[in-house]
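Protein sequence lines, in the order shown, are assigned to chains U and A. Residue numbers for the first sequence follow the working numbering, so the first one is 102 and each next one is one higher. Residue numbers for the second sequence follow the working numbering, so the first one is 102 and each next one is one higher.
If you are wondering where the hints come from, they were derived from the structure by calculation, not from laboratory data. Note that the structure is a prediction, hence the values are computed from the model and not measured. Certain hints may be false.
[As the list claims (entries may be wrong)] In silico DSSO-like links for lysine-lysine, alpha-carbon gap of 27 Å or less:
no. : chain 1 : residue 1 : chain 2 : residue 2
1   : A       : Lys131    : A       : Lys198
2   : U       : Lys137    : U       : Lys224
3   : U       : Lys177    : A       : Lys247
4   : A       : Lys377    : U       : Lys177
5   : U       : Lys377    : A       : Lys247
6   : U       : Lys377    : A       : Lys177
7   : U       : Lys247    : A       : Lys198
8   : A       : Lys224    : U       : Lys247
9   : A       : Lys177    : U       : Lys224
10  : U       : Lys247    : A       : Lys247
11  : U       : Lys224    : A       : Lys247
12  : A       : Lys352    : A       : Lys131
13  : U       : Lys198    : U       : Lys137
14  : U       : Lys177    : A       : Lys224
15  : A       : Lys137    : A       : Lys103
16  : A       : Lys352    : U       : Lys247
Protein chains: 2
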Amino acid sequence: MKTYIGVDLGGTNVRVAKVDESGNVLQVLKEETEAKQGPEHILSKIERMIASLDDYENCEGIGLGIPGPIDTQAGKIIVSNNLPDLIGYPIADRFKKHFNKPVFMDNDVNVAGLGEALQGAGKDNRIVYYLTVSTGVGGALVVEEKLIAGANGHAGEVGNMILDPHRPARAGLNTGATESEMSGPALTRKASEALQRPIAHAGELFELAAQGDEKAKELVENFKDDFARLLSGIAFVVDPDIFVIGGGVMKSSEHFFEDVVERYRSLVFPGMRNVKFAKAQLDEPGLIGAAMLPMAYIK
Amino acid sequence: MKTYIGVDLGGTNVRVAKVDESGNVLQVLKEETEAKQGPEHILSKIERMIASLDDYENCEGIGLGIPGPIDTQAGKIIVSNNLPDLIGYPIADRFKKHFNKPVFMDNDVNVAGLGEALQGAGKDNRIVYYLTVSTGVGGALVVEEKLIAGANGHAGEVGNMILDPHRPARAGLNTGATESEMSGPALTRKASEALQRPIAHAGELFELAAQGDEKAKELVENFKDDFARLLSGIAFVVDPDIFVIGGGVMKSSEHFFEDVVERYRSLVFPGMRNVKFAKAQLDEPGLIGAAMLPMAYIK
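Isolated chain U, as found in the complex (with noise of 0.2 Å):
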């Protein structure tokens, strides 16, 4: 069976595993970043936790998973928060001529859209759309198992995509920007507004909306309008065979969900309702999907 090396980089922890081509994870080595130790520190850890690799020399490719923009043409990060400096950096290149392998690199939430799609929730379907609600929100389009990742590495950034035009601009996102009125953030920051006292997290809020709190329950109603509308507004544009939805607010799907897809329906066409939807379904969406990235490609 062949393996696949995949490489989770995020601005604390990095992991590297091995993976095999039907998705199990056999290996998994995890370090800290130390991203301010600069390129060199950070990329040759990396070489060495994919050398130490039991037998990496025959996996087939090597992927990396990194947040932001990624320019996936030049394997070159775009835009980061968490890793500046490495914004530039050949990243790809460098790592096939060190290991004389095909290297991809995408942006992380397109390499767990891309796991999933492959071997997670999404498995079997010709185009798969996967969309995160969590801290962010963001998509991915899988076509045939492959990404489309954008001319600039920002298709998917559905966050920004404005669901209402009379809202108010927040954190330097659109008017009524989907992220602004959807995310875990965004809707902890609106209950407790609402109700006028701390609320931890979106779970409780549903909870709470459960329970038959009136404020809570009108809140968790216009999340369902918004969450369906962002749906239909994705559909238009590429009518995916599947949607499939991971992230943190998937925690109290059993609170929204079933009400989402019903009014997803009533927005489209007879033709788009029999959409499927689905729960994300990998434990490790993101270190299972950069592994899938030289899979995907090299074929």
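Put chain A on the given structure of chain U with help from the hints.
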């Protein structure tokens, strides 16, 4: 040079053309569709028309562009107001057997988008988004010279995307749907209402605004905002290299397009501001695009 057969099948007329791989239309035949006479009549007419093209036996394949959602995998019409008798008929299979050539079908907007992507304003770009603003509003996504038609042939139905959920629902579309707000008839309707006299077409609205009419100017400003918001929503999903814009409303583009592009840039992330914008440039995008369908898929 390789040649392809394009069929532009509408409710009123059917046109059949021989097109070379550079997009030159070498020969065109046109007849009335006579849609009411049923599938056998229409399809055998098209077969005769194709067979009367010079040297049709040596063409590489056949492509059909037809209005409305198409099941591109099965080669059937899903929904059609103008050709109801052909819904569900295995058109592509019939022509495949009859001519022993590859046959591909897609909707008229996708086909026009493919034509513009391969031979028109989008040529040599990796990700092309084609948008037509005319009687309707529709789009087409072309990635690496292939159409992404969607799971149900509904990709690009951006006319039903919600631009502003606080505006009314019209004609079976969503509240504040793009097509109800931005199409030629929508602009004409809004102008007639605002000015309280009949306005003939969208071009007249733009002329009145250019002459300083305050109500017309306000409508045109709203139109520019709507247009920019639509483009940003599409870009957050697919991040194209270029937007190619066609359709009748673009005849007045000197009155709005520069501002639309500027407003679009204010709505997207810095890395997306270098997207190119171009007016559609083919005289016969539907016919050329239909002929390009087999070119896009036989390789």
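Results of checking the hints against the structure:
Taking the CA atoms of lysine 131(A) and lysine 198(A), the gap is near 23 Å; set against the 27 Å cutoff, the hint holds. Proposed proximity of lysine 137(U) and lysine 224(U) is contradicted: the alpha carbons are some 38 Å apart, above 27 Å. Between lysine 177(U) and lysine 247(A), the direct Cα distance comes to roughly 26 Å. Compliance with the 27 Å bound is thereby established for this hinted pair. A distance of roughly 22 Å separates the Cα atoms of lysine 377(A) and lysine 177(U); the hinted pair therefore holds under the 27 Å criterion.
For a cut-off of 27 Å, the pair hint linking lysine 377(U) to lysine 247(A) stands: about 24 Å separates their Cα positions. Distance restraint check for lysine 377(U) and lysine 177(A): the Cα-Cα separation of roughly 22 Å lies within the 27 Å cut-off, and the hinted pair is therefore satisfied. For the suggested pair lysine 247(U) and lysine 198(A), the alpha carbons sit about 32 Å apart, so the restraint of at most 27 Å is broken. A C-alpha spacing of about 22 Å is found between lysine 224(A) and lysine 247(U), which places the hinted pair at or below 27 Å, so the restraint holds.
Note on lysine 177(A) and lysine 224(U): the hinted pairing holds, with a Cα-Cα distance of about 26 Å set against a maximum of 27 Å. With a CA separation close to 13 Å, the supplied pair lysine 247(U) and lysine 247(A) stays within the 27 Å bound. A hinted pair counts as satisfied when its Cα atoms are at most 27 Å apart, and lysine 224(U) with lysine 247(A) qualifies at roughly 22 Å. Between the alpha carbons of lysine 352(A) and lysine 131(A) the distance comes to roughly 26 Å, so the proposed pair stays at or under 27 Å and holds.
Simply put, lysine 198(U) and lysine 137(U) have alpha-carbon atoms about 25 Å apart, close enough for the 27 Å limit, and the pair holds. With a C-alpha separation of about 26 Å, the suggested pair lysine 177(U) and lysine 224(A) falls inside the 27 Å cut-off, and the hint holds. Between lysine 137(A) and lysine 103(A) the alpha-carbon distance is near 35 Å, which puts this suggested pair outside the 27 Å criterion. Only pairs whose Cα atoms come within 27 Å are accepted, and lysine 352(A) paired with lysine 247(U) is rejected, the gap being roughly 37 Å.
Checked against the numbered hints given earlier, the structure breaks hints 2, 7, 15 and 16 and satisfies all the rest.
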